[in-house]
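There are 2 protein chains.
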Amino acid sequence: MTTKQIVLASRPKGLPNPGNFKIINFELPEIKTGEVLLKALYYSVDPYMRGRMNDAKSYAPPFEIDKPITGSIIAKVLQSKSDNFKIADFVAGMLPWQEEMVADENILKVIDTTIAPASYYLGILGMTGLTAYFGLMQIGKPKAGETVVVSGAAGAVGVVVGQIAKIQGCHVVGIAGTDEKIRLLKDQFGFDEAINYKTTAHLKNAIAKACPKGVDIYFDNVGGEISDAVISNINFYARIPLCGQISLYNNVEMPMGPRLQPMLLTRSVLMQGFIIGNFKEQFPEGIKQLAEWVKEGRLKFTETTEHGFEKLPAALIGLFKGENTGKMIVEA
Amino acid sequence: MTTKQIVLASRPKGLPNPGNFKIINFELPEIKTGEVLLKALYYSVDPYMRGRMNDAKSYAPPFEIDKPITGSIIAKVLQSKSDNFKIADFVAGMLPWQEEMVADENILKVIDTTIAPASYYLGILGMTGLTAYFGLMQIGKPKAGETVVVSGAAGAVGVVVGQIAKIQGCHVVGIAGTDEKIRLLKDQFGFDEAINYKTTAHLKNAIAKACPKGVDIYFDNVGGEISDAVISNINFYARIPLCGQISLYNNVEMPMGPRLQPMLLTRSVLMQGFIIGNFKEQFPEGIKQLAEWVKEGRLKFTETTEHGFEKLPAALIGLFKGENTGKMIVEA
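Those sequence lines, one after another, are chains A and B.
Just so we're aligned, residue 24 is where the first sequence starts under the working numbering, counting upward by one.
Just so we're aligned, residue 24 is where the second sequence starts under the working numbering, counting upward by one.
No lab work stands behind these hints, which were simulated from the structure alone.
Computed far set for chain B versus chain A, every beta-carbon distance over 12 Å:
1) 42
2) 137
3) 308
4) 355
Computed spacing ranges between beta-carbons, pair by pair:
5) B:168 with A:231: 43 to 49 Å
6) B:70 with A:223: 39 to 45 Å
7) A:88 with B:206: 54 to 60 Å
8) B:307 with A:166: 24 to 30 Å
9) A:312 with B:237: 33 to 39 Å
10) B:104 with A:166: 42 to 48 Å
11) A:70 with B:168: 33 to 39 Å
12) B:168 with A:166: 34 to 40 Å
13) B:101 with A:166: 43 to 49 Å
14) A:227 with B:289: 25 to 31 Å
Note that beta-carbon positions come from the ideal geometry of N, C-alpha and C, so glycine has one too.
Given only the sequences and the hints, what does the whole structure look like? Please build it.
See the structure below:
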């Protein structure tokens with residue numbers, strides 16, 4: 024059986040372009056015992072994939088030239104030689120960018136499409152939702168009545184953090200970079216306050232005003248001067264989960280800033296970096312809770328969906344031009 | 024009954040001097056029900072007292088002009104109208120700098136002089152030991168085989184941290200500022216390695232060499248560039264208890280340095296400020312464990328002792344001239 028596959032044709036310098044990708048025909052092997060034949064339904068397109076297009080060591084290994092791009096995919100079982108999966112099951116896994124694929128049973132998980140649409144398992148019930156959930160709940164440890172500030176608040180993770188913090192009974196303040204995003208945070212996602220850092224002259228004072236009782240949890244997606252302004256309003260015994268530092272990703276030299284330790288010390292503050300893999304033992308519990316909130320209508324999620332397998336390279340390139348709102352997905 | 028009392032005569036600018044103190048005669052009141060009459064035996068003299076001589080709000084309130092200096096004191100019960108204390112009991116409490124004093128039963132604790140000398144309750148079994156114990160054990164969470172780096176290692180807290188880390192089976196590296204201290208750390212306190220930051224050209228490299236498996240716990244007493252050098256050698260999942268930032272205490276402007284968050288994020292590191300009061304519910308457990316190690320000879324402690332009540336002002340002034348090794352105590 025022949026299928027289509029997208030391979031890395033060359034490594035990009037700076038922004039990726041269509042020439043870095045190539046769509047080829049690929050002959051699928053026969054499925055063996057312990058394997059399944061899958062048809063892809065939804066492909067996740069994520070910023071971290073850009074890093075894997077470089078030939079540099081990181082926690083995820085680089086893609087290889089002339090080998091397929093891989094990513095999170097939701098697929099349907101067409102044939103099965105595994106006791107764990109039957110025909111028509113919906114599964115999720117890290118899989119190659121192909122229309123159909125043969126996969127080992129050990130890298131797949133069945134997903135329950137009765138509690139949420141299948142595509143949600145790439146976002147709110149996938150890495151995005153779990154990052155928000157565990158970062159906030161396990162490191163932030165919110166208590167009702169506390170104040171939570173989220174930077175990068177209109178990003179895929181940020182909107183989930185804010186909504187979970189509201190469910191926990193917190194006062195929630197988001198920081199984002201356009202008036203449209205500020206409106207969205209307040210009107211659609213229920214943030215109590217939202218601040219446009221690009222149009223606010225005194226960010227520190229604006230945060231102080233939006234947080235009259237100070238900041239108990241700062242969920243940091245961006246780093247840099249925005250974080251300096253938040254941390255200058257931090258309370259005794261505050262928690263700062265470090266989820267992203269996107270404002271610093273393009274720095275070549277070591278970025279400098281005010282030393283944090285005196286503030287963290289005198290106010291007994293906790294700051295902790297994490298990646299979602301640290302919590303993998305608890306994923307089932309997290310997915311269950313997130314699915315429940317989604318079902319109850321307490322957790323909303325935004326997806327940008329492109330249609331057609333051949334749109335995958337353009338969707339990935341589009342991520343870096345800000346063409347998406349929330350999670351970027353390609354539907355087969 | 025008349026006793027002697029030391030009061031704050033005037034507030035110092037910069038280093039305190041003898042003129043800031045005054046020894047006066049003080050008429051003790053009759054003891055009432057629930058009170059005891061005490062004779063002071065040992066006075067604790069600590070750097071934090073300098074802050075209380077200023078008229079500025081902090082977590083400890085300022086001393087008042089013409090009112091007695093107060094501090095940790097070990098005393099013996101001379102008379103008792105309390106059911107909790109009997110004559111000849113040894114007690115510890117925050118008490119005024121007087122030769123004798125009347126005190127409420129609620130601010131005193133009996134100490135057990137059968138397990139350690141009374142003066143130890145001002146140091147290794149007092150704030151100093153408890154700060155080392157809870158900072159290392161509760162925030163650092165050492166595991167056998169891990170590497171622990173301590174800055175300000177020859178200070179009263181530092182030597183205790185290093186010894187507890189050795190008891191936990193860790194590889195222990197101290198950083199201090201004189202060759203005499205380096206010798207002391209290795210010969211007397213059992214540190215595996217010790218680095219003189221003043222005579223080491225490439226501190227980052229020296230730490231890397233002393234820590235071939237990287238740094239799992241960094242117990243930070245000093246902050247600044249020494250901390251930058253340690254943190255550039257930090258391991259995945261490391262813990263950084265922030266105990267002091269003495270290198271920055273005299274800064275007037277906000278000190279600048281490399282931004283830490285990218286490193287803490289990519290390596291899933293925890294950094295946490297604390298003061299010993301955060302752990303007060305667990306003090307009895309901590310004292311018990313520390314006393315056991317002292318009794319077994321596994322935990323050594325250095326005191327500098329001055330003799331005579333009237334030496335108290337000079338002992339406090341001497342702290343800021345580096346005249347002490349380890350804990351500074353005045354014996355009555």
